[in-house]
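First to last, the sequence lines map onto chains A and B. The opening residue of the first sequence carries number 1 in my numbering; numbering runs sequentially from there. The opening residue of the second sequence carries number 1 in my numbering; numbering runs sequentially from there.
Hints were generated in silico from the structure; no laboratory data involved. Built from N, CA and C at the ideal position, the CB exists for glycine as well. A couple of the hints might just be wrong.
Derived Cβ-Cβ restraints for the label pairs, each shown as a range [said to hold, decoys possible]:
(1) A:ASP100 x B:GLY247: 53 to 59 Å
(2) A:ALA75 x B:ARG191: 56 to 62 Å
(3) B:PRO69 x A:GLU15: 18 to 24 Å
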Amino acid sequence: MRAGDAGGVYVAPEEVGEPRVLDAGERAILGAWADRLVPGDGTWPPATATPVVGYVDALMDRAPAIVPAVRSALAWLAWRGFLGLGAEAQVTVLRELEADAALGPVFFSVLEMTLEAYYRDPAVEAVVEARTGFSSRLPMTGTPLPPFDPARLDRVRALPPRHRPA
Amino acid sequence: MTQVADVLVVGGGAAGAALAWRLSQHGADVLVLEQGDWVPDDDIPKRHADWQVRARRYWSPSAERRGWPADYPVRNLGANPVDAFVYSAVGGSATGWGGAFWRFLPSDFRGATLDGFGRDWPIGYEDLERYYEINEAEMGMSGIAGDPTAPPTSEAPLPPVSMGAMGERWIDGLERLGWYWWVQHQAIASRDYRGRPACTNNGHCTYGCPTGALATPANTYWPEALRNGVRLQTGARVREITLDTRGRADGVLYHAPDGSVQRATARVVVLAGNGLGTPRLLLMSSSPAFPDGLANSSGMVGRNLMVHVQTTVIGHFPERTGADHGPWGATATTRHFYETDPSRDFKRGFIITAMRGFDALDTALQTAGWGEGHHAALEHHLNHEAVCWVCGDDEPEPHNRVELDHERTDGFGLPGVVTHYALSENSRRIGEAGIEKATELCHAAGADSVRVLGFDTLLGWHLLGTARMGSDPEDSIVDAWHRCHDVPNLLVVDGSVMATGASVNPTHTVQALALRAADGIWERRRGG
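Could you put the whole structure together from the sequences, leaning on the hints where they help?
What follows is the structure in C-alpha cells.
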C-alpha cells in the first residue's frame with residue numbers, strides 16, 4: 001500500500017469532528033498545503049472552506065498506520081518554513097515534496113484525501129453541478145430516459161452472419 | 001460439530017449461487033461455505049450522498065485496498081501486473097459489477113482447432129446453450145435477439161436498457177463507421193422483473209445498485225436457493241480440502257469467524273472460489289499424495305492465468321456526456337473485430353463496449369492536476385468524457401500464474417496469493433488494434449480528443465484459466481464435467497476452468513457452466 005494511504009478506511013462526514021491526532025501547528029501546515037492543492041477563486045471555494053483538515057485527521061485517527069508517513073511530510077514542510085512562504089514559493093516546495101522519492105507517495109495520499117473531502121462537500125457539489133452539469137444526486141435518485149428504439153438496429157440486423165461455426 | 005451434506009460448495013459467488021440453486025431445484029442437500037458475508041443494503045455506496053468517496057474506500061474492488069475481514073492478501077507482479085479485483089462476499093465479485101452479460105461464441109471453444117490459439121475446450125457452445133437461456137431468465141437479462149455476430153437465440157427476457165443521449169451518440173458513431181454492433185446485453189432489469197424494480201438509470205453501476213435493478217447473485221439465485229433449503233454459512237474460511245483413504249475428497253476444514261477450526265463433509269465437494277481463490281485452496285491442500293497441491297499432478301494449478309486484454313480509450317466531447325446517469329456498462333458493443341482475421345497480425349480479436357463518463361472525484365484524480373489549473377481542468381473533462389472499453393482474448397500461457405504468498409497471510413495465518421502476468425506479443429497487438437479502433441469510434445461519435453489508459457497495469461475484473469478444463473490430465477485440471485482428473489468427486493466450477501477466455505465479460509458463461517455442472521452432479525448422484 002502506498003505510504004499514507006488509508007486504503008479501505010472510511011470516515012463519514014458526520015464523523016469529522018474535533019482533531020485527535022494533529023496538533024495546531026501540523027493542522028496549520030496541512031491547511032496551507034491543501035489550499036495550494038485546491039486553491040479557490042471567485043467561483044470555486046478553496047480546500048479549507050471544506051473540512052479537509054478534520055477529514056485527514058479523522059482518517060489518521062481511524063488508520064494509525066498512516067500517521068508516521070503523513071507526519072513526516074508535515075515535518076518536512078515545517079523544516080522548509082512552509083507557512084512563512086508566499087504562494088509561489090509554497091508551490092515550489094510542494095513540487096519538491098511531490099518529486100521526493102520517499103515522500104512523494106505521501107504527497108499523493110494527502111492529495112487524494114484532500115480531493116475526497118473537497119468534492120463531497122455539499123457547497124462544492126453545488127458548484128460542480130453549476131459549472132459542469134454533473135449532479136452527484138442523480139446517481140442516488142435516478143434519471144428518466146426514453147426506451148431504446150429497436151429500429152436503430154435495422155441496418156445491422158440485415159447484415160450477413162459474422163460469427164464462425166465451430 | 002461436523003456439518004454433513006450431499007454436496008459441499010466452497011464459495012457463494014456467481015458460480016456457487018447458480019450451482020446451489022440448480023441443485024436445490026433437483027432436491028439435493030447442499031451446504032455452501034462462503035468466507036465473506038451478506039453485503040448490507042446500507043453499505044451500497046450509491047445509497048449515500050458521498051458515494052464517490054465510499055466507492056474508493058470500503059467498496060474498492062481491490063482486496064488489497066479494501067481490506068474486508070474476509071479478504072486475503074493479493075500481490076500482483078510481472079511485466080504487466082494485474083490489478084486483481086475480487087469481492088469476498090455472498091455474491092462474490094458480482095457484488096461490485098456492471099452486469100455485462102454476453103454469451104461466448106462457438107469459435108471461443110475451438111481456439112486451437114480454428115486459430116492455433118490456446119486449447120480447445122472439451123465442450124462446445126451447444127453444450128451451454130440451454131444453460132445460457134436459463135441463466136438469462138434467472139438473472140433477468142435485458143437485450144434483444146437477432147445479433148448477426150452470434151448464433152440465433154430466443155428473445156431476451158427483457159428489452160434493452162435505456163441509451164440516453166450518450167448512447168445515441170455512440171450508436172451514431174458505430175453507424176457512421178458501418179461496423180457490426182449490438183445493444184449491450186445486461187443483467188439489469190429494464191422493466192419490473194420478479195420482484196426487482198426497473199432500472200432508474202442511476203449510473204455508475206459498479207458502485208452498487210441502490211434499487212436492486214442490477215442483478216447480483218444475492219438478489220437472484222440466493223433467495224430462491226435458500227427457500228429451497230440450501231444451507232449457506234457465511235464467515236467460513238476454508239483452509240483445506242480433505243481426502244479419505246481412497247484419495248477421494250470427503251470434506252473441508254474451515255475457520256469459523258471465532259477462529260475455531262470446523263469440519264464439513266460431503267459426497268461431492270465443489271470449489272467455486274474464482275480464478276484466484278480456487279487455485280489458492282488447491283495449492284493450500286497439499287498432502288503426501290499431492291505434494292504440489294491437490295489435483296495438481298499436471299502442475300497446471302494456478303497456471304494459464306487469463307485476465308483479458310483490457311484497456312480504455314476515453315473520448316472527450318464538446319457536448320456534455322450525461323456522466324451522471326444511465327447504466328454504466330451499457331450502451332452498445334461492437335464485435336466487428338471479434339473473430340480471427342487473417343489480414344491482421346494477431347490471432348483472435350476483441351470487443352469495444354461504448355460506455356459512459358466518470359464521476360467528479362474520479363475525474364479530478366485522473367485529469368485535474370493540483371494547483372491553479374485544477375478547476376479549469378476539471379471543468380474541461382467532467383461530464384465531457386465517455387469511455388470505450390476494449391476487451392481482447394489473451395492466450396493461456398503457463399508463465400502467467402497464481403502462486404501462494406507465504407510472506408503475506410490472512411487473518412487466520414493462511415497464505416495470500418501472488419499473481420504474475422505479462423502480455424504476450426499477440427495480446428499486445430490485440431491491445432494496439434483495440435486502442436486504434438476505439439479511438440476511431442470516439443472520433444466517429446464526435447470526440448475531439450482521446451486519452452488512453454494503456455497497459456502498465458491491467459484491469460483485473462476477469463480472472464480465468466487457473467484450473468482449466470481439458471481432456472488431457474497431463475495438461476488440465478478438470479474434465480468436461482468439471483471433475484478433477486486426480487480427484488473425481490472434487491469439482492471446480494468457476495472462471496478458473498476456462499480453457500480460453502473469449503473476448504467478452506465472463507460471468508454469464510461462468511454461471512451457465514455452473515448450471516450445467518449442477519445437472520451433471522445430479523445425474524451422476526447414484527454413481528457417487
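Evaluation of the provided hints:
{"no.": "1", "hint": "A:ASP100 x B:GLY247: 53 to 59 Å", "in the structure": "holds, 58 Å"}
{"no.": "2", "hint": "A:ALA75 x B:ARG191: 56 to 62 Å", "in the structure": "holds, 59 Å"}
{"no.": "3", "hint": "B:PRO69 x A:GLU15: 18 to 24 Å", "in the structure": "holds, 20 Å"}
Consistency with the previously given hints is maintained throughout, with no hint failing.
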